[in-house]
Amino acid sequence: MSHDRRITPRLGSDAGALIAAFDAQREALGAAPVREAARGFLAEHGIPTRRSEAFRYTDLAALARFIAPGAQGAQAEARAGAILHPFLAAQGLADVARVVVVDGLVSAGLSVPSAEVATTLVEDADEPGEGALLALNAMLTRGGVSLSVEAGVAAGRMLLVHVALGGAAAAHPRHSLSLAEGASLELLEIDLGEDAYLHNSVFDITLAEDSALTHVRIQNAADEALSFATVRPVLQARARYEGFCLALGGTTARHEVRARLEGEAAIAHVNAAQLGRRDGQVLDLTSEIAHLAFDTRSLQTVKTVLDGRARGVFSGRIHVAREAQKTDGYQLNQALLLSDSAEMDARPELEIYADDVKCSHGVTIGALDEEQLFYMRSRGVPAAEAEALLVRAFLADVLSLVEAEASRGVLERVVDAWWAQA
Amino acid sequence: MSHILTVSGLKAAIGDTPILRGIDLVVPPGEIHAVMGPNGSGKSTLSYVLAGRADYEVTGGSATYGEADLLEMEPEARAAAGIFLAFQAPVELPGVNNANFLRTALNAQRRARGQDEIDAVAFLKLAREAGKRLSMPDDMLKRAVNVGFSGGEKKRNEVLQMALLKPSLAILDETDSGLDVDALRIVAEGVRALRAPDFSALVITHHQRLLEILVPDRVHVMSKGRIIRSGDAQLAREIEREGYSALIQEAA
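One line per chain: the protein sequences are L and X, in this order.
Here our numbering is used: the first residue of the first sequence is 1, the next is one more, and so on.
Here our numbering is used: the first residue of the second sequence is 1001, the next is one more, and so on.
It should be emphasised that the hints constitute simulated quantities derived from the structure, not laboratory data.
Hints may contain errors.
In silico contact screen, one side only, chain L against chain X (beta carbon under 7 Å); selected entries [what the hints assert, rightly or not]:
hint : residue
1    : 232
2    : 371
3    : 379
4    : 381
5    : 382
6    : 389
7    : 396
8    : 418
Even glycine gets a Cβ: it sits at the ideal position worked out from N, Cα and C.
From just these sequences and the hints, can you work out the full model?
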């Protein structure tokens, strides 16, 4: 065979179907320059293919299938309630203040206001964003909430729950949260749903000096869902972002954290556990942590358990700016593969421009230890139970990083339920 | 009454390398047998094959436990039937709590035998008492299995497991190695306390010291994958005095 083939990598595929969906809904969504700018971005760049570096391991091709606008009205609310209430009751969360978003639309009926967290509705994105998922959200969002806590207030616990009703609908929630100086909040974000749908949320978080946010997200999307979340915390001096994502749902899912440590001695924890076992399931944890000030710290532990033909992805970049001396960056990525067909793709990146920093990363990918299994079985523990104990042990230290006890309890129960379904 | 363990012509290999070349061994109920022999003679392999470790391939012979074909049973089934292997190098299980693990093991065995499970409170009481008899610090039950344990603590933890699981055949693979004199005495007393008409043990050791406390009914000497000589407790003393070389030459 001899043909002169020159490959021009095509980084974007046509976003035509998604743009057409926007054009059809334009009137209902309300005219906004940001939506038009996002539309322009998508028309120009398209949807990234796997030739694009940022989506090398996670395929967005299925996005175009999810163009239905999503349900609304009393009937949708009733269906969402039937998914929401049993979950909250089982987890002992029925009485906690919450914002509930159904198919990308905030539901006043299902939400329970908080005394300490001011909640207002957001209608549009304030910027189109660089990147297909951000632009898609900006173009199609049906809004979200803006949460804020006043200076010095310890606001306790709050839930942010996304419920999706399926029918190939797309939800693009757009939230923001701001903690004023010295404020604190524990936010438990939960994604539930049934059938096939797209969830593509964007969450902007502003943490003023000395504020502290615990942000635990449980991505428990339906089996056939596409689930993407972009979380963008910006930290001022001595602020703390304690992030944790437990990802187990969806056919293709990514939790992406883009943190900016802008103030001295700010601390970000970007921890996660990913549990996948379905054929073709992809669970992706992507993070970009920018150290932009003196003496900032980021700590990251990501543990992934994969069975069947599931695939896990970890892309973690730590960027240390020239002025961010004394930065401490730590990244640990461990995966446990329970089958020969499971796959983990790991890509740690350190980008360091300061000279007095401490940055490290570690990766281990392995199977269950035969020696440990035999030891346990030789004590009478059946093979399946021994495996379960070892998997829970593997996850124990990352779950223990969630200091908020009630949220950790929810995480542990969800993990146990996942394992029990095997 | 039949023998608890009957091994006949047992051969086993790792890959293409034969390690056991025809072992014949009979352990009646209530007896403690010692297996001695130089390094590389196949003693540990024998213990692993009897406990059911998968990386050894049995290439010939048989092993019968009571009336059952031992070699057909999964490791957990052997444990539930009453076989216990005290590991030469006990395995660390990071993140697995020692007390939980022990209770899981005990209850799994009880379930397999059709007995009721023991609840956490009752179990903890049993475990604490057994631990005390072995002079184990209380926090060893709270720690992860064997993680951060000293060599002696690991061996004591094996004996603790044995005391709680109450096997009818214990195989002790160099449980005395790496122990100082005091720890050795505690471990040996721990095993001796289990002596009963329905408890047998196969004690693999290099040293006479353990056997002075345990006093075996029979002593077997292994070399190159075979038992080359068997005798009473006197044989262990003879080995202590004269070493293995004379025995091995005599057998050759």
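Here is how each hint holds up against the structure:
Below 7 Å, beta-carbon pairs count as interface contacts, and residue 232 of chain L has none with chain X, the closest being about 33 Å; its hint is therefore violated. A distance limit of 7 Å between C-beta atoms decides the matter here; for residue 371 of chain L the minimum to chain X is near 5 Å, and the interface restraint holds. At a threshold of 7 Å, the smallest CB-CB gap from residue 379 of chain L to chain X is about 4 Å, leaving the interface hint in force. Annotation: interface hint on residue 381 of chain L holds; nearest CB of chain X at approximately 5 Å, less than 7 Å.
The criterion of a C-beta within 7 Å of any C-beta in chain X is met by residue 382 of chain L, whose closest approach is roughly 5 Å, and the hint holds. Because the beta carbon of residue 389 of chain L sits about 6 Å from the nearest beta carbon in chain X, less than 7 Å, this interface hint is met. Restraint check, residue 396 of chain L versus chain X: the minimum CB separation of about 4 Å is within 7 Å; hint holds. A least Cβ separation of about 17 Å between residue 418 of chain L and chain X goes past the 7 Å threshold, and the interface hint is therefore violated.
Hint violations for this structure: numbers 1, 8, all remaining hints satisfied.
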